[in-house]
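*Asks:* Sequence:
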Amino acid sequence: MTIPSVRGMKDILPPTSARWAALEAAFREYATRFGFSEIRTPVLEKTELFARSVGETTDIVEKEMYTFSDRSGESLTMRPEGTAPVVRALQANRAALGEWPVRLFYVGPMFRHERPQKGRLRQFHQFGAELFGTDSPFADAEILTFLHGFLKETGLSGVFLEINSLGDPACRPAYHRNLSDFLSSREDRLCDDCRRRRERNPLRVLDCKAEGCMRATADAPSALDSLCDPCRAHFESVEGVLRDSGIPFTRNPRMVRGLDYYRRTAFEFVIPGMGAQNTVAAGGRYDGLAEILGGRERIPAIGFAIGVERFLMLLGEEESRTSAPDVFLVTASSRFLPEAFRWKMTLIGMGIRTEVDYEGRSVKGQFRRAGRAGARFVVVFGEEEAGRGGVMFRDMAAGVQEELSKDEAIRRLTRRDDIREE
RNA sequence: GUGAGUGUAGCUCAGUUGGCAGAGCACCAGGUUGUGGCCCUGGUGGCCGCGGGUUCAAUCCCCGUCACUCACCCCA
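If you count by the working numbering, then the first sequence holds residues 810 to 1231, one letter each, in order.
Source of the hints: derived by calculation from the structure; they are not laboratory data. Nothing here was measured: the structure is a model prediction, and the numbers come from that model. It is possible that part of the hints are untrue.
Okay, derived cross-link-like pairs now, DSSO-like style, lysine-lysine, Cα gap no bigger than 30 Å in a straight line [claimed, not checked]:
#1 Lys872 - Lys1018
#2 Lys819 - Lys872
#3 Lys1153 - Lys1215
#4 Lys855 - Lys819
#5 Lys1173 - Lys1153
#6 Lys872 - Lys961
#7 Lys855 - Lys872
#8 Lys872 - Lys927
#9 Lys961 - Lys927
#10 Lys1215 - Lys1173
#11 Lys819 - Lys961
#12 Lys1018 - Lys927
Label-pair restraints from in silico Cβ distances [claimed, not checked]:
#13 Phe843 - Ser1214: 51 to 57 Å
#14 Arg998 - Arg1105: 44 to 50 Å
#15 Arg1060 - Glu873: 28 to 34 Å
#16 Thr963 - Gly1196: 51 to 57 Å
#17 Lys855 - Asp1053: 38 to 44 Å
#18 Arg1060 - Met818: 33 to 39 Å
For glycine and all other residues, C-beta sits at the position ideal for the given N, C-alpha and C.
Kindly generate the complete structure, drawing on both the sequences and the hints.
*Replies:* Put into structure tokens, the structure is as follows:
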């Protein structure tokens, strides 16, 4: 019995791994273009970091974290999201990171102990970017433009941007009370889940897909109508910049965020017809997080995270193959293996993808492998040629071959322009 | 955490009112005494997820368990 991987944690195999590498490279390049620099934070953090930032009563903290005591008895948690560690790192390294604004991006695995299903894993991966040190609505717009541009550039179509404002400590509590009162008056029409949600997190009720709840809350007070003047002005400015930039969006006053630390702008890029896991990227402003984490300094901030697995799912299966060898060295007898091995290492050293069969297959078998692997050339080491100090050199695509001296064969391989192009 | 479905060859999947386990693809060899992707012929390869029960006999029926998948919840 072989040992399976941990539930919800998957191997990323070739050729898919090549798509990952390409997408990561594209993200790094795009983020750099926007002036973001990469930050790599540890996968493990003190549990307290997430308990305080994400929110004690969120599902993530209550039941989805990989938390354990290490050998000294300290409670550690594998990061369920990327923002809190970045803020922590920023606070600890202010001097090293320079003046405001600070732009950071990250790429890496996150961990949540949920039941796996399509588009949701226990170890999943995110690309994220965070812009610190400015309250400006242009910062919000920059983050949204960044995301929109990246999704577009990498060929993801059919995504829609939804935005909302969650208010701030000046206006959110009043709205929550309002909504709560409203929901009390409709309690008899809500589903069981929503009756529970009503107490804990009334916003969630607005997000319920049960038909009864949707009807019952059709005329619920809107978050956007309850914003205080500064929040409203901020939100409208963001919308204005987005319109100027030609970035399409829709307001979704019912949008809810899973993490407690969001303020004001919240957004999601959703793909219709994808079922429950239809959010491919999301984020928002979190001006209060630095103080929640115990910093004396208020650090306005906004950021996003992209779900890499979902992103790749949406990009589709496009056939990608493992790269074909440039040359396959065929040995007519095992006595040529040492020489073929030396050639292989020499050619690889010169940047040429080379393969040799070590398994003692027949010449026909070796040719079959060379053909299937898509090798451009085959070099045959055989008795007759060896007697004359040469090798048989075959162009697989052209289907022609000739005997060459060893030096000439190597020259032919290294001279070919078509060999190096990917 | 809840519900449903599925576990048979490396992969995709058939199968039997319970009676020696099948196909396609892949792999290997031969057809070509040293020449490929196609074709033909042959071959290798299975604790029928695991544990228990019923039975003369279980891959099949029953119970349990584990895993995977999908959905719900929630989220990227």
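*Asks:* Does each hint fit the structure? Answer for all of them.
*Replies:* Now the hints, each set against the structure:
1. A distance of roughly 23 Å separates the Cα atoms of Lys872 and Lys1018; the hinted pair therefore holds under the 30 Å criterion.
2. In summary, the hint linking Lys819 to Lys872 is supported, as the alpha carbons are separated by about 21 Å, within the 30 Å threshold.
3. Of the pairs offered as hints, the one joining Lys1153 and Lys1215 holds, with about 13 Å between alpha carbons and a cut-off of 30 Å not exceeded.
4. Distance restraint check for Lys855 and Lys819: the Cα-Cα separation of roughly 25 Å lies within the 30 Å cut-off, and the hinted pair is therefore satisfied.
5. Taken as a hint, the Lys1173 and Lys1153 pair is honoured in the structure, with Cα atoms around 20 Å apart against an allowance of 30 Å.
6. This hinted pair does not check out: Lys872 and Lys961 have alpha carbons roughly 35 Å apart, beyond 30 Å.
7. Restraint check for Lys855 and Lys872: satisfied, since their Cα atoms lie roughly 16 Å apart, inside the 30 Å limit.
8. A threshold of 30 Å between alpha carbons decides the hint, and for Lys872 with Lys927 the separation of about 20 Å falls inside it, so the pair holds.
9. The suggested pairing of Lys961 with Lys927 holds, with an alpha-carbon distance near 23 Å, which does not exceed 30 Å.
10. At roughly 22 Å between alpha-carbon atoms, Lys1215 and Lys1173 fall within 30 Å of each other, so this suggested pair holds.
11. Between Lys819 and Lys961, the direct Cα distance comes to roughly 27 Å. Compliance with the 30 Å bound is thereby established for this hinted pair.
12. The straight-line distance between the Cα atoms of Lys1018 and Lys927 is roughly 19 Å, inside the 30 Å bound, and the hint therefore holds.
13. A hinted range of 51 to 57 Å for the beta carbons of Phe843 and Ser1214 is consistent with their spacing of about 55 Å.
14. About 47 Å separates the C-beta atoms of Arg998 and Arg1105, a value consistent with the hinted range of 44 to 50 Å.
15. Checked against the hint of 28 to 34 Å, the C-beta distance between Arg1060 and Glu873 comes to roughly 29 Å, which is consistent with it.
16. In this structure the hint that Thr963 and Gly1196 lie 51 to 57 Å apart at CB holds, the actual value being about 56 Å.
17. Roughly 43 Å separates the CB atoms of Lys855 and Asp1053, a value that falls within the hinted 38 to 44 Å.
18. Restraint check, Arg1060 to Met818: a C-beta distance of roughly 37 Å satisfies the suggested window 33 to 39 Å.
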